[in-house]
Amino acid sequence: MPSNNVMPRSNVVPRTLFDKIWDFHRVGQRADGRDLLYIDRHVLHELHAHHAFAQLEKQQRPVRRADLTFAVQDHTVATKPGRDETTNPSGTAFIKAMREGCRKNGIRLFDVDDREQGICHVVAPELGVVLPGATHAVPDSHASTVGGLGALAFGCGTTELGHILATQVIAMKRPKRMRVRLDGGLGRHVSAKDIALRLIAELGVAGARGFVVEYAGSAMAAMPIEQRMTLCNLNIEMGGRSGFVAPDDKTFAWLEGRPYVPQREMWDRALAHWRTLKTDGEAAFDREVTLDCAALEPQITWGTDPSQVVGISGKVPEPAAIESGRRAAAESAFAYMGVSPGTPLAGLPVHRVFIGSCTNSRLPDLEVAATIVKGRRVADGVFAMVVPGSSSVKREAEAAGLDRIFRDAGFLWGESGCSMCAGGNGDRGEPGERIVSTTNRNFENRQGPKVRTHLASPATAAASAIAGRIADVRQLVGN
Amino acid sequence: MQPFTTHTGIAAPLLVDDMNTDQIAPFLPSRSLKDDYKVMLFHRQRFREDGSEIAGFVLNKPQFRNAGILVTGNNFGAGSSRESAVWSMLANNIRVIVAKSFADIYRENCLQNGLLPIVLDPAVADGFIARVVTVDGAAPFTVDLASQRISGPGGADVSFEIPAADRTRLLEGLDDIGMTMKHAEDIVNWEKEAALAQPWLQQAADCRR
Numbered sequence: 001m002p003s004n005n006v007m008p009r010s011n012v013v014p015r016t017l018f019d020k021i022w023d024f025h026r027v028g029q030r031a032d033g034r035d036l037l038y039i040d041r042h043v044l045h046e047l048h049a050h051h052a053f054a055q056l057e058k059q060q061r062p063v064r065r066a067d068l069t070f071a072v073q074d075h076t077v078a079t080k081p082g083r084d085e086t087t088n089p090s091g092t093a094f095i096k097a098m099r100e101g102c103r104k105n106g107i108r109l110f111d112v113d114d115r116e117q118g119i120c121h122v123v124a125p126e127l128g129v130v131l132p133g134a135t136h137a138v139p140d141s142h143a144s145t146v147g148g149l150g151a152l153a154f155g156c157g158t159t160e161l162g163h164i165l166a167t168q169v170i171a172m173k174r175p176k177r178m179r180v181r182l183d184g185g186l187g188r189h190v191s192a193k194d195i196a197l198r199l200i201a202e203l204g205v206a207g208a209r210g211f212v213v214e215y216a217g218s219a220m221a222a223m224p225i226e227q228r229m230t231l232c233n234l235n236i237e238m239g240g241r242s243g244f245v246a247p248d249d250k251t252f253a254w255l256e257g258r259p260y261v262p263q264r265e266m267w268d269r270a271l272a273h274w275r276t277l278k279t280d281g282e283a284a285f286d287r288e289v290t291l292d293c294a295a296l297e298p299q300i301t302w303g304t305d306p307s308q309v310v311g312i313s314g315k316v317p318e319p320a321a322i323e324s325g326r327r328a329a330a331e332s333a334f335a336y337m338g339v340s341p342g343t344p345l346a347g348l349p350v351h352r353v354f355i356g357s358c359t360n361s362r363l364p365d366l367e368v369a370a371t372i373v374k375g376r377r378v379a380d381g382v383f384a385m386v387v388p389g390s391s392s393v394k395r396e397a398e399a400a401g402l403d404r405i406f407r408d409a410g411f412l413w414g415e416s417g418c419s420m421c422a423g424g425n426g427d428r429g430e431p432g433e434r435i436v437s438t439t440n441r442n443f444e445n446r447q448g449p450k451v452r453t454h455l456a457s458p459a460t461a462a463a464s465a466i467a468g469r470i471a472d473v474r475q476l477v478g479n
Numbered sequence: 001m002q003p004f005t006t007h008t009g010i011a012a013p014l015l016v017d018d019m020n021t022d023q024i025a026p027f028l029p030s031r032s033l034k035d036d037y038k039v040m041l042f043h044r045q046r047f048r049e050d051g052s053e054i055a056g057f058v059l060n061k062p063q064f065r066n067a068g069i070l071v072t073g074n075n076f077g078a079g080s081s082r083e084s085a086v087w088s089m090l091a092n093n094i095r096v097i098v099a100k101s102f103a104d105i106y107r108e109n110c111l112q113n114g115l116l117p118i119v120l121d122p123a124v125a126d127g128f129i130a131r132v133v134t135v136d137g138a139a140p141f142t143v144d145l146a147s148q149r150i151s152g153p154g155g156a157d158v159s160f161e162i163p164a165a166d167r168t169r170l171l172e173g174l175d176d177i178g179m180t181m182k183h184a185e186d187i188v189n190w191e192k193e194a195a196l197a198q199p200w201l202q203q204a205a206d207c208r209r
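Each protein sequence line maps, in turn, to chains C and P. Reading the first sequence from the start, the letters are residues 1 to 479 in the working numbering. Reading the second sequence from the start, the letters are residues 1 to 209 in the working numbering.
Possibly wrong hints are sitting among the right ones.
Calculated lysine-lysine pairs in the DSS-like style (CA-CA distance at most 27 Å, straight line) [claimed, not checked]:
hint, chain 1, residue 1, chain 2, residue 2
1, C, K450, P, K182
2, P, K61, C, K450
3, C, K450, C, K80
4, C, K176, P, K100
5, P, K38, C, K58
6, C, K374, C, K80
7, P, K100, C, K173
8, C, K173, P, K61
9, C, K315, C, K278
10, C, K96, P, K61
11, P, K34, C, K173
12, C, K58, P, K182
13, C, K104, P, K34
14, C, K278, P, K192
15, C, K176, C, K104
16, P, K61, P, K100
17, P, K61, C, K58
18, C, K96, P, K100
Chain P stretches covered by chain C per the calculated footprint, using a threshold of three residues with CB under 8 Å from any CB of chain C [as the list claims (entries may be wrong)]:
hint, region
19, 15–21
20, 31–44
21, 73–81
22, 132–143
Bear in mind the hints are in silico, worked out from the structure with no lab data behind them. C-beta atoms are modelled at their ideal positions from N, C-alpha and C, and glycine is treated no differently.
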């Protein structure tokens with residue numbers, strides 16, 4: 001019930017922040033036992049929107065809260081300079097259908113040519129559409145990227161999307177609670193991406209299934225907001241539908257002044273509430289995990305799921321070192337990736353490098369990569385590409401001269417969108433190519449048929465583009 | 001939603017864990033608003049780039065071409081939330097997936113579409129998988145949701161658990177939005193209370209306009 005913040009604290013059972021947000025947003029319980037959770041902000045993209053609009057039209061149901069709903073064209077838009085909705089022909093119908101649905105239903109659309117278009121998980125935070133303690137839903141599994149701001153976000157399917165449009169609630173069983181403590185100072189050139197990959201390696205691709213994850217600890221507290229978003233973005237790769245970080249002063253400073261955040265006295269009132277958004281000291285979690293980040297080196301995937309990870313100085317594992325249940329998958333990954341047990345990752349020749357996606361396309365990601373690239377050249381025969389996460393990120397990067405640094409080094413500088421992360425806009429590799437990619441999934445064929453994807457941080461991707469091989473950024477630029 | 005009562009079909013063993021939705025329903029260059037979900041299913045496992053079939057993939061084997069039940073390992077449906085990974089099953093008349101476990105979003109998407117996701121305990125699952133492998137498509141299995149049993153060749157009936165509410169929803173083909181709309185008044189009341197307690201949540205305006 002919304003009145004929970006006036007309950008006397010002395011009578012309150014200690015609760016996690018997840019419980020506080022869930023309880024506040026719980027509208028009721030449905031006959032099938034699912035809780036109905038109110039969704040404060042709902043963000044659509046063009047791959048799923050048309051199905052949901054068509055479904056609602058057929059059922060003659062209106063969109064309940066168009067004013068709390070936003071839409072962004074991202075998955076299928078071309079990234080080629082000078083692009084429009086026809087540049088990627090297989091996306092045109094999707095783009096037009098979402099545009100039409102938004103027009104009919106009065107939904108604010110960030111269209112292909114909007115100066116604030118971009119990847120939905122990048123655009124929503126930078127506009128302040130996402131708020132601490134708010135609930136958020138997107139028909140995309142990386143919805144919980146915005147957990148980096150302290151929002152409770154859920155990825156959903158297409159039918160669920162239609163359900164939220166019609167009712168403004170999501171019907172869910174209450175998940176379990178997990179806390180991941182990240183402690184220790186990070187080494188140079190080690191970032192949230194490396195931490196997330198190591199966590200997925202430790203917990204497995206289903207390690208957080210059924211849980212909502214709260215990230216905490218000293219390494220978390222020290223982390224800038226954009227890196228918190230990278231970490232929460234990758235939560236789904238260990239099976240967790242939602243993950244978040246309790247908001248703090250960094251969060252509030254990051255949000256203040258953004259166009260959709262509450263203004264003036266409403267900001268002050270909201271801020272006072274946001275400062276209370278913490279897990280109580282005695283609150284219990286269903287599972288607790290700790291990772292010491294101090295000894296962590298840059299991480300990279302060697303296989304075809306995001307848990308097949310080694311440190312950059314490591315080697316493709318021997319089958320004997322792999323848990324028996326995971327061995328068959330590893331053998332199949334060796335074959336697909338064209339790697340053998342015992343092969344060092346560093347030194348594998350690279351054909352393509354991609355810096356972008358909802359995981360790693362925010363301004364600080366590009367700044368890190370530019371620092372490494374500056375004054376150097378992309379190795380001969382390597383196709384390297386940077387796709388900013390939003391048109392706003394692109395503008396800011398250009399104002400800072402980053403585009404020149406990348407272009408001078410031989411990178412292609414694209415228009416914003418999801419691009420090569422899932423290849424939905426036609427950006428993809430050629431069969432057999434090895435790609436170092438700052439994205440989130442190294443699944444078979446995801447970046448193109450028979451393409452071999454290695455997931456890594458922007459720093460590692462940039463260093464690999466320069467070296468023409470998978471590279472340890474610490475060796476390229478020194479510690 | 002189409003109700004689920006019973007379903008009879010050949011059971012095909014897909015002996016992997018962590019099958020992700022990028023494999024189940026890949027983005028194809030031919031994609032359109034009216035995608036061919038029948039062709040989409042496991043497209044890159046079933047077909048080469050030139051369109052020819054890959055003989056070794058289970059659903060391309062003669063005995064499993066018309067499979068109606070898929071039997072698989074842990075964490076089926078990991079990754080992307082794309083619902084096409086369920087629609088493409090239904091387009092191929094696969095209405096039951098028996099697994100050791102499902103990814104969260106995939107399982108929800110199944111329930112939304114009348115596809116029955118059956119989870120068997122690991123030991124029971126291993127036995128059933130072995131049985132399906134031995135039967136090798138020679139005769140169909142029947143899944144009955146009301147009695148929560150799988151019957152078929154090569155052994156005794158196998159019973160399975162499913163949350164009662166999910167079972168009812170599938171059996172009756174309940175409309176998800178319809179179920180929620182019974183709480184329409186609760187939603188209105190919540191909004192009124194939230195507008196007082198945390199008013200910034202109930203408004204999302206661009207301050208520049």
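Results for each hint:
no.: 1; hint: C:K450 / P:K182; verdict: violated (49 Å)
no.: 2; hint: P:K61 / C:K450; verdict: holds (22 Å)
no.: 3; hint: C:K450 / C:K80; verdict: holds (23 Å)
no.: 4; hint: C:K176 / P:K100; verdict: holds (20 Å)
no.: 5; hint: P:K38 / C:K58; verdict: holds (23 Å)
no.: 6; hint: C:K374 / C:K80; verdict: holds (23 Å)
no.: 7; hint: P:K100 / C:K173; verdict: holds (20 Å)
no.: 8; hint: C:K173 / P:K61; verdict: violated (39 Å)
no.: 9; hint: C:K315 / C:K278; verdict: violated (41 Å)
no.: 10; hint: C:K96 / P:K61; verdict: violated (40 Å)
no.: 11; hint: P:K34 / C:K173; verdict: violated (32 Å)
no.: 12; hint: C:K58 / P:K182; verdict: holds (20 Å)
no.: 13; hint: C:K104 / P:K34; verdict: holds (21 Å)
no.: 14; hint: C:K278 / P:K192; verdict: holds (25 Å)
no.: 15; hint: C:K176 / C:K104; verdict: violated (39 Å)
no.: 16; hint: P:K61 / P:K100; verdict: holds (23 Å)
no.: 17; hint: P:K61 / C:K58; verdict: violated (39 Å)
no.: 18; hint: C:K96 / P:K100; verdict: violated (41 Å)
no.: 19; hint: 15–21; verdict: holds (count 4)
no.: 20; hint: 31–44; verdict: holds (count 4)
no.: 21; hint: 73–81; verdict: holds (count 6)
no.: 22; hint: 132–143; verdict: violated (count 0)
Of the numbered hints given earlier, the model fails hints 1, 8, 9, 10, 11, 15, 17, 18 and 22; all others are met.
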